[in-house]
Each structure stands twice: as C-alpha cells, then as structure tokens.
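Engineer: From first to last, the protein sequence lines stand for chains A and B.
Take 1 as the starting number for the first sequence in the working numbering and just add one per residue.
Take 1 as the starting number for the second sequence in the working numbering and just add one per residue.
In case anyone wonders, no lab produced these hints; they're calculated from the structure.
Below, computed lysine to any residue pairings styled on SDA-like, alpha-carbon distance capped at 20 Å:
1) Lys223(A) - Leu81(B)
2) Lys26(B) - Phe86(B)
3) Lys25(B) - Ser25(A)
4) Lys25(B) - Val94(B)
5) Lys26(B) - Ile38(B)
6) Lys223(A) - Ala73(B)
7) Lys26(B) - Glu22(A)
8) Lys223(A) - Arg87(B)
9) Lys26(B) - Met73(A)
10) Lys26(B) - Val27(A)
11) Lys26(B) - Arg24(A)
12) Lys223(A) - Ile83(B)
13) Lys25(B) - Leu81(B)
14) Lys223(A) - Arg89(B)
15) Lys25(B) - Ile31(A)
16) Lys223(A) - Arg91(B)
17) Lys25(B) - Leu69(A)
18) Lys26(B) - Ser25(A)
19) Lys223(A) - Ala77(B)
20) Lys25(B) - Tyr28(A)
21) Lys25(B) - Ser14(A)
22) Lys25(B) - Arg24(A)
23) Lys25(B) - Ile38(B)
24) Lys223(A) - Phe86(B)
25) Lys26(B) - Lys101(B)
26) Lys25(B) - Gly76(A)
27) Lys223(A) - Ile88(B)
28) Lys223(A) - Ala85(B)
29) Lys25(B) - Val27(A)
30) Lys25(B) - Val72(A)
31) Lys26(B) - Tyr28(A)
32) Lys223(A) - Val72(A)
33) Lys25(B) - Glu22(A)
34) Lys223(A) - Glu84(B)
35) Lys26(B) - Val74(A)
36) Lys223(A) - Gly90(B)
37) Lys25(B) - Leu18(A)
38) Lys26(B) - Leu18(A)
39) Lys26(B) - Val72(A)
40) Lys26(B) - Gly76(A)
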Amino acid sequence: MDYIIPLVLLTYTSIMALLSLESRSLVYGAISLAGFFIGLSLFFFLLNLPYLGVFQLLVYVGAISVLILFAVMVIGEHQKAGEVRRFRAFGLVGGLLLALAMAFAGIILLMSFLDVSFAPLYSVLVYVAPVVVLITFVVLFVGEPKGRSHYRYRAFGVLGAALIFGSFTGVFSYLGGLNAFSGEVPFDVGRLADFVMNNYGFLMVVLGLLLASAAYGAVALAKKEKEEEEEER
Amino acid sequence: MNELQFFVAASVLLFAIGVYGLLSKKSVVRILFAIEIIINAASLNIAAFARFMPYDLAGAQSVAIFIIALAAAEAAAGLALIIEAFRIRGRVEVDEMDELKD
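Construct the entire structure; sequences and hints are all you get.
Structural biologist: Right under this line is the structure:
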C-alpha cells in the first residue's frame with residue numbers, strides 16, 4: 001500500500017481539527033471544522049466506502065457545519081483586545097499549510113487526469129488553484145478590509161471557493177476509483193439497505209423520530225425567549 | 001505497520017486532538033467542536049475495521065451511519081442550548097456557569 005496519500009490526508013485533517021480548536025475567531029473555527037469533516041469524508045472514500053463518504057458530506061458539511069456557523073453568528077464573537085496579532089500569525093501559518101495541502105491535491109489531480117482528453121483544463125486548475133487559495137487565505141487572515149478594497153477581497157474569496165470546489169471534486173473522483181489497498185471489496189448499497197432494514201428497521205424509525213424531536217426541541221428552545229419578551233411588552 | 005494499524009493510529013490521533021480540546025477549552029462552542037471531532041474519530045475507527053476485517057461490510061457501515069445521525073441530533077440540541085444559555089447569561093464560558101454550586 002502506498003502511504004503517501006493517507007499520510008497527507010491525515011496531516012490535513014489533523015491541522016483542520018487543531019485550527020478549529022485553536023483559531024482566535026469562532027467563525028474561522030467553524031469553517032475549519034467543516035474542512036475537518038471534508039477530510040474525514042475523503043478518508044471514507046479512500047477506504048472504498050463511498051456511501052459513508054457521501055453521507056458524511058451531506059450531513060456534516062451540508063447540515064451540521066451550517067448549523068454551527070448559524071449559531072456562532074447568533075452568539076457573536078468575543079474577541080479580546082491584544083490577541084488579534086497572534087491570531088493573524090496563526091492564520092497565516094494555517095493558510096500556508098492549507099495551501100500546501102491543496103497543492104498536493106492538485107498534483108494528485110494532475111496525475112489522475114493526465115491520460116484523459118481534457119487534461120489541459122485540469123492541469124491549469126492544478127497550478128492556479130494552490131496559488132489562488134494561498135492568496136485568498138493570506139488576504140482573509142492577514143488583510144484588513146478598508147473601504148472599497150473590501151470588494152476585491154470578496155472577489156478573491158469567491159474565486160478561491162470555486163477553485164477549492166473544483167480541486168475537491170477532482171480529488172473525490174480520483175479517490176473513488178483508487179485501488180490503493182490490497183483485496184478490494186466490491187461495495188453494494190442495496191446490500192447495506194437490506195442489512196439495515198432487516199436488522200435495525202425499528203431502530204431506524206426510532207432514530208428518525210429522535211431527529212425530528214431534536215429539531216423540534218431546538219426550535220422550541222431558541223424561540224421561547226422571544227415569545228416571552230413579547231408577552232412582557 | 002499494516003493498513004488497519006495506520007487507520008486506527010489516525011483515528012487515535014484525531015481522538016487525542018478532540019480530548020485535548022474538550023479538556024482545555026472554556027467556550028461551550030469549542031467544546032462542542034471537540035465533541036464532534038471525537039465522534040468523527042470513532043466513526044473513522046469503525047469504518048477502518050469494517051474495511052480491513054474479514055466480516056460483513058454492511059454491519060459496521062450501518063453503525064457509522066447511526067453515529068452520524070445521532071451526532072446531527074446532538075449538534076441541533078446542543079446548539080439550541082448554547083443559544084439559550086447565551087440569551088440568559090450573555091456569555092458561553094463553562095467556568096462561569098456555576099449556579100448549581102450555590
């Protein structure tokens with residue numbers, strides 16, 4: 001087995017986990033947590049469990065990360081004065097490391113698509129993506145938006161996000177078809193569905209009810225205070 | 001080091017990062033992040049064993065799916081509690097939540 005790809009993936013995932021805990025700003029922490037979830041779903045793709053990887057992407061990156069970001073926005077950030085400078089240095093290092101990870105992802109992408117007819121498009125993406133991602137992160141973490149130049153940063157952000165999306169899509173498609181491990185096991189979603197419904201059918205129903213009640217309880221908890229305030233008026 | 005050992009070591013590393021965050025952070029939101037990291041490390045561990053042990057793939061995968069669904073419910077309830085605590089107190093640091101002590 002070739003350990004390079006899993007090692008790089010592990011490095012990326014660990015850095016994202018540490019950044020989510022250590023970054024000064026809660027918003028950047030939440031975004032880093034989303035990066036951590038993406039890394040873990042890449043692990044599932046690497047393990048030849050694509051259904052689990054897609055499930056992880058949908059639930060964690062699509063739902064939980066957005067929920068966390070929403071809660072962080074409601075709470076607001078409690079940044080203490082004098083700690084901003086340290087955060088900037090930390091963010092710069094994190095951005096550099098992420099850019100390195102993206103560069104590696106780009107190389108994987110290049111390798112996987114070299115023998116395909118649309119290789120030039122991807123090779124351009126491969127060389128441009130890490131640079132733009134690096135610039136984006138340096139600007140996001142270090143730059144001070146002032147006046148109109150603010151829009152320029154936004155443009156960088158949008159461009160970087162689009163390139164991140166492209167690179168990750170390529171890595172997903174590559175890892176999905178990778179035969180990195182000995183003794184590949186054919187994966188069958190129908191068999192998984194059979195297993196779950198035959199053995200844990202009742203548990204699935206209970207889980208669905210639990211999720212519905214959790215969503216209902218969350219809404220009730222978050223809404224209660226406002227209704228009481230209106231009654232006081 | 002074989003393949004299973006590598007992935008178990010990876011999940012142990014992520015679990016250790018999560019435990020570090022759980023023990024060292026004061027903000028409730030960070031603690032929730034740490035709990036999510038721990039849950040994901042456990043999920044990765046189960047997926048690795050599902051892949052490299054000569055048993056049924058479907059069984060372990062269904063366990064991992066249950067873990068993900070439960071974590072979603074936990075995050076929804078936890079974040080609602082955090083927002084409620086923030087409305088009552090104005091801060092979300094765990095070392096300041098000591099009313100039950102008095």
